[in-house]
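Q: Work the whole structure out from these sequences, hints included.
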Amino acid sequence: MSEFRRQHPVAAITQFLGVLRQNIVPIIIFMVVGSRNTNEYFWYFFVLGVASTLVLGLFGWLRFTYRVDGDELQIKKGVFVRKELYLTKDRIQVIDITEGILQRIFGLVKVEVKSAGSGTEGATISAITREEALELRALLRGESKTREEKEEVNTEEIINETLTWKLSGRELFLAALTSGNFGLIASILGAFSGELDQFITEENLNYLFDHIPGLGNASIFVGLVIIIFLVSYIFSFIGVIFQYADFKVEKMNNELHITSGLLERKHTTVPFDRIQALRFVEGVFREPFGYGMLFVESAGFQQKNTERSIVLAPFIKKDKLKEFFNVFIEDYEEPETQITPPNRAFLRYLRRPNYLLLIMIPITWWFWELGWVLFGFLIPATFLGWLRFNDATLWINEHTIKMQYRILAKRTAFVKKNRAQVSELTVNPFQSYKKLATVNVTAASGAGGKVFSLTDIDSEDAQMILKWTLDSNSIR
Amino acid sequence: MMELPSTRIDEKAIQAWRITSILYGLILFIIPGFFYFVYMMGDMPVLFPIISAPVTITIYVLIITLFPKIRWNRWRYDVNEQGVDMYRGIIIRKRTVVPMNRIQHVDTKQGPIYRKFKLSSISISTAATTHEIPALDDETATHLRTMISELVRKVKEDV
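Heads up: the sequence lines are chains A and B, in that order. Note that the working numbering has the first sequence beginning at 22, numbered continuously upward. Note that the working numbering has the second sequence beginning at 11, numbered continuously upward.
One should not assume that every hint holds.
[Said to hold, decoys possible] BS3-like, lysine-lysine: derived pairs with alpha carbons at most 27 Å apart:
id, chain 1, residue 1, chain 2, residue 2
1, B, Lys166, A, Lys488
2, B, Lys104, A, Lys423
3, A, Lys338, A, Lys423
Read the hints as simulated data drawn from the structure, not as lab findings. Being a predicted model, the structure only gives us computed values, none of them experimental.
A: Here it is as structure tokens:
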């Protein structure tokens, strides 16, 4: 691939839609304002704006060319400001191939090349054919393979089914049922409810109160809360189905290939040597059934995606993790040496979730005569503390540390010693008195780090972990 | 038991930090100032400015006199071929270790106050985080920076 190529013309439309989607909030506001505005010039401006975005998309497509030269991906783009982007192979961390709905209609894919460091926002090729994308990936991954050989790999993979992990339909359904992603969606609905303000006026409400018997202020509030929860539950259910339908992980040539999605198929490639840490999260609704979600942390994406963790298994039984690691994660050894917080930390664990409550109760009570109700929360908070104490465990061996801790959901982190970037120990005066310490192990993730933390372990144990981190002689 | 790191940072740090605190500490006075302003507007009991003023002054005096000294006294670091070991903290004590072969780059930097005292700080970056050893003598800082980057190169070749 030595001469510069252009994308498929659909790229112009995807860029146009992308701009629209990014500006959806201003556009909605614009239209709401506009609909009140009787001046017809307004609509001319609006149409002009949309049209020029479309033209810009077209020019963007014309100007966007790319090629692979040697071990470098070169992209030229930009309508007003010309931009040339060079990405060398050894800096590329992850290659994502996504099939959006629009792309699927034309049999196209989007390729996102993510590299170490920031400033790589432009390495997205938004519409090329699947073959071109695969060729591009092969070139950038340094597999000097022709297409025939590639097909060989594919057949090989079918034979060797142990190297593929799939999410079954039943598991997908259960994952959707237990996702319980209310919080996020409720807040989105909350943001949208601002738009609903014009419908929820006093007149409308009074009308409702008059015409529906037994509807008081309290019941409308409770009803609204229930509706928001129900709606967000349904949204979260559908969201999970769409996102993780047909999910599969394959292991090929020292890489993990993750494919998932119903309408929008996303294909992520994670090379083994870029894996920084693994993280298993047992959601509150999943823990009782022994299931959880497995993430892989990979370093060095664009700054915006600091929180970026790649889902490696959306719904997997905890007992099956070891089996899964044996297949998909190279030389994983289950660490055996176990460290737990000593008994003298028990009361600290029970107290800790209550501190915030104890500050809040008097304040709430001051403003609201029923504030004492918050005292009732002391019991679940203490229970949470008890759970946290029981769950806080650390396992360690020569190469790997495994940290289990609970915030609300139970989390387990797996970090290899040569991927632990920094270890830290903090001691506050109360801990110092009891010879306890909090230990943090940081792994790289995205453009920043992910901190795994275990509170109130014996300070000797904490120091041992620092020593373990420093002791690089035993790496392999 | 892991021994604490042994190297101290430069003693001029106390003076430099004092001056920094004198300047930046002035920001604290916004709070009683604001209370007093609201009180003058007649919207607040006189108790607020009366209590907040001495509290602020006490804090201001503390961060100028006591804190720089404790902070300096507590700060220890060590650099060897295994990594960088840092120990610090006035109330909450923190010990951080950065293995040598995880270090990506080392910088020295110097603000106007540090420049007056011929001090520099060193920041050590990994793929995830950045750590700073403050207030080192200029020469020590330069020496340390060269030393760390050489050690990093050596260790990375070994692996």
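Q: Each hint should be assessed against the structure and marked as holding or not.
A: Structure-based check of all given hints:
Proximity of Lys166 of chain B to Lys488 of chain A is assessed by CA-CA distance (about 19 Å); at most 27 Å being required, the pair is judged to hold. For the given pair, Lys104 of chain B sits about 22 Å from Lys423 of chain A by alpha-carbon distance, which is consistent with the 27 Å threshold. Distance hint between Lys338 of chain A and Lys423 of chain A is fulfilled; the C-alpha atoms sit about 17 Å from each other, no more than 27 Å.
In the structure shown, no violation is registered for any of the earlier numbered hints.
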